[in-house]
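Q: Here is what each chain is made of, one letter per residue.
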Amino acid sequence: MASGALACRSRSREVVVYLSIDQVFTEPILRDFERQSGVKVRAVFDTEETKSTGVLNRIIAEARSPQADVFWSGDPVRPQLLVKRGLVRAYLSPEAAAIPPAFKAADGTWTGGAARARLLLVNKTRVKPEEMPRSVRDLADRRWKGQTAIANPLFGTTTMHVAALADAWGDDALKSFLTQLKANGCRIASSNGEVKRLVASGEVAFGLADTDDAAEALHDGAPIEVVYPDQDGMGTLLMPTAVVSLAGPHTEEARRLVDYLLSVPAEQKLVDVAAHIPLRADVKPAAGGKRASEIKTMQIDYAKVAGTMERLQPWLRDWAGL
Amino acid sequence: MAAGLGWALALRRREEPFLLLAAGVVLAAVALVPLMFLGGELGKGDALRHAAHALSAPRTWALFVSSLGFATAVTVLCLAIGLPLGLLLGRADVPLRRVALWLHAFPVFVPPFLLALGWFHVFGRGGLAASTLGARLLFSWPGAVAVLALALTPVVTSLVAVGLQAIDPSLEEAALLVAGPRRTAAGILLPLVRPATALAALVVFSLAFSELGVPMFLRVPVYPGMVFSRLGGVDYAPGEAFALALPLFAVAVGLLLFERRAAGRRSFAVLGLRSREVPDLRLGHWRPVAIVFTAAAALLPVAPLAALVIDAARGHGFSELAQWIGASAWNSLFDALMAATLVLALSVVIGHAAARGRRGGVGLDALAVLAFVTPASVLGVGLIATWNRPSLQGVYGTSAIVALAFAARYGAVGLRTAAVSFSQGSEHYEEAAAIGGARFLRRLGRILVPIHARGLLAAWLLAVVFCLRDLETAVLLYPAGQEPLTVRIFTLEANGPGSVVAALSCVQVAMTAAVLAVGSALLFRRKA
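Protein sequences, first through last, are from chains A and B. Everything in the first sequence is counted per our numbering, starting at 17 for the first residue and increasing by one. Everything in the second sequence is counted per our numbering, starting at 243 for the first residue and increasing by one.
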């Protein structure tokens, strides 16, 4: 009877998680956690068009009475905006010990997990092997006028990417690059998923998207070549996912979920199903995939990028005509 | 005790204004207070300065005017197709009219963004009818107008066709004695169906003006995109978004004035479905042309849906449905039915007051239209600010918040439909009952609702359909773990199996069609 009561109480336990990582990849991991812990997971996922900022702004809008216990973010930059607003409940997970220091906050405000890289998706039927683009700067090359695409930098991971480029090149160089992009007829898609569609269908020759978009296109048999840009220059942008504990009402369950999301099985699953790049040494890369150490990556100060991202917004809105 | 008795007597005498007040309070709580909360954000930090800067920027107004042009073009195109088509499908001797109307109406059942995606599968480079010109046209201003017009034309067609069913047969019979079918259609039927046409124009314009998904996908900058960038971007600025929504007040008032003027002082046609005995209009030698036109209009909008069905079937999406659909279909139905019932309750009271020109009725009518044209993101963030409090978790943490949001956003659809229906009935019945001592609630229950049952059922059905297809309102507010089907389609659309997304879209269409079929059966059951 006591065990029955306990089971009943256990069933009533729940945790609320907001995610900006694709539902198709994360839902199975959340189900695994439910099975293992007996804690019910109630999730809010982002749509492709509002990726990362939709749930982020919902967390901000709900600040008066926080609903979310955990934010599983597609990048570590947006959580900085929550840290700045005092909406994060710092938690140093025991699982964080296995994550390299560059991919976690020392104060436990966020901890990184399997990462994505920003890649050039190239349609092989439209681009000859000897003409393969090698740098994000090729998006603005006149040779490819009207044949390239990026997602709207006001939303999604492209926001972080342009901010990282601004930190690497300086604001003026970034603005000049984006102006050239526009003049070059680069298509501004509503999402990375749409960039993938445009490249896969041959609508454009190549475009900028994420590792998971590339994996999905390859899985669908699209004639895609994947290029890690700027390997002979500043490096490719790597975006670890970030697990953040928030001020929602289920503190204990939130910590259990954070621990699980940073664990080997969860990271391994994300690597396997979404072609993410493992950060933990004890997680194997996906078949044909790479480890972070095998890629020349951009050197990023995530907190600084967050500041740059906010600073660039008014200019980006002007640039996008909004 | 005497004071209590006096209050009860006063309440009985003033039932109508009290009921209107109660309905007004509910509507204000879901539509006005949220906007006021957002307005309060203007007082924080530099929000007012930024808002003033945004509103004084020429590009803001250029985009506003451009969006007005966009919505106008969509509305004109919808009317140009929907009006003659509604006439043909509602009254002419065209074969398989009901089937054609059903097929033609299918696009209304899904969020327009899905249709744009469907058209991409048809005209994109890798599409079923791929061509460079087709792809270029699709991703352009005219392409976006065409996609949205094809998605929304069924609103006009359906309202006109149903409106025609309700015209007093004797008027048409008299006209046919002295004129041919063409002159009867142009001179009698179309003018009589003006209230339904005006309502359809209002609905289409509002939906086209506030649409974000299709223009974003087809890369056409629109004003709601500017508002959304203040709420969906990194620098979350609800106060600025509210300021940018202010010009929409003018749009709402303009729309209402237009509708009143276009509908005319007196109304003849209604959304109720009175029985009719007039034979179909004979088109003579125009019949083959009309058949081709109706066939094209019925089949063309189905093309993107057919592309989705093919996609789902080819990729075994239907067999994987059980794995991905969860409780989302049930969530959709539950939210929509709750919301539509609330809309109906508000529509009976406010719609009646608006139709009879009662004090307050017109103002509440305008408020509902304002909420309809306000971008869903603005309304959603305002609702969060209003309802997300520890003491209101019984509402905010449950499906009730989605139902309230739907009622705010689509209240105008039910309310205007009910108002049009009420405006058809003679006021004399109510006056006679009032002279006989019947109080308002009694008149409502015994006279108004029974007489206008079909019009009110049509209002409820319309509200259900709009709530079922909604994405942009629900996505901001749905309680964790209880997403409706449209949201699930869009969250899975990101790298999810394309065939499953297509199959889920088919479920969305089938579910809405089933609800409409049941609703239609109820409508026609009374007729028998």
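Quick caveat, the hints were computed from the structure, so don't treat them as lab data. Check before you lean on any hint, since a few could be wrong.
[Claimed, not checked] Using 25 Å as the maximum straight-line C-alpha spacing, the simulated DMTMM-like pairs for lysine to aspartate or glutamate come out as follows:
1. Lys100(A) / Asp288(B)
2. Lys320(A) / Asp477(B)
3. Lys191(A) / Asp477(B)
4. Lys198(A) / Asp288(B)
5. Lys286(B) / Asp334(A)
6. Lys285(A) / Asp236(A)
7. Lys144(A) / Asp123(A)
8. Lys100(A) / Asp477(B)
9. Lys161(A) / Asp248(A)
None of the values given here were measured: they were computed from a predicted structure.
Q: Are the hints correct? Go through all of them and say.
A: Comparing the hints with the structure gives:
{"no.": "1", "hint": "Lys100(A) / Asp288(B)", "result": "holds (17 Å)"}
{"no.": "2", "hint": "Lys320(A) / Asp477(B)", "result": "holds (15 Å)"}
{"no.": "3", "hint": "Lys191(A) / Asp477(B)", "result": "holds (18 Å)"}
{"no.": "4", "hint": "Lys198(A) / Asp288(B)", "result": "violated (30 Å)"}
{"no.": "5", "hint": "Lys286(B) / Asp334(A)", "result": "holds (23 Å)"}
{"no.": "6", "hint": "Lys285(A) / Asp236(A)", "result": "holds (20 Å)"}
{"no.": "7", "hint": "Lys144(A) / Asp123(A)", "result": "violated (48 Å)"}
{"no.": "8", "hint": "Lys100(A) / Asp477(B)", "result": "holds (12 Å)"}
{"no.": "9", "hint": "Lys161(A) / Asp248(A)", "result": "holds (24 Å)"}
The structure is inconsistent with the numbered hints 4 and 7, although it conforms to all the rest.
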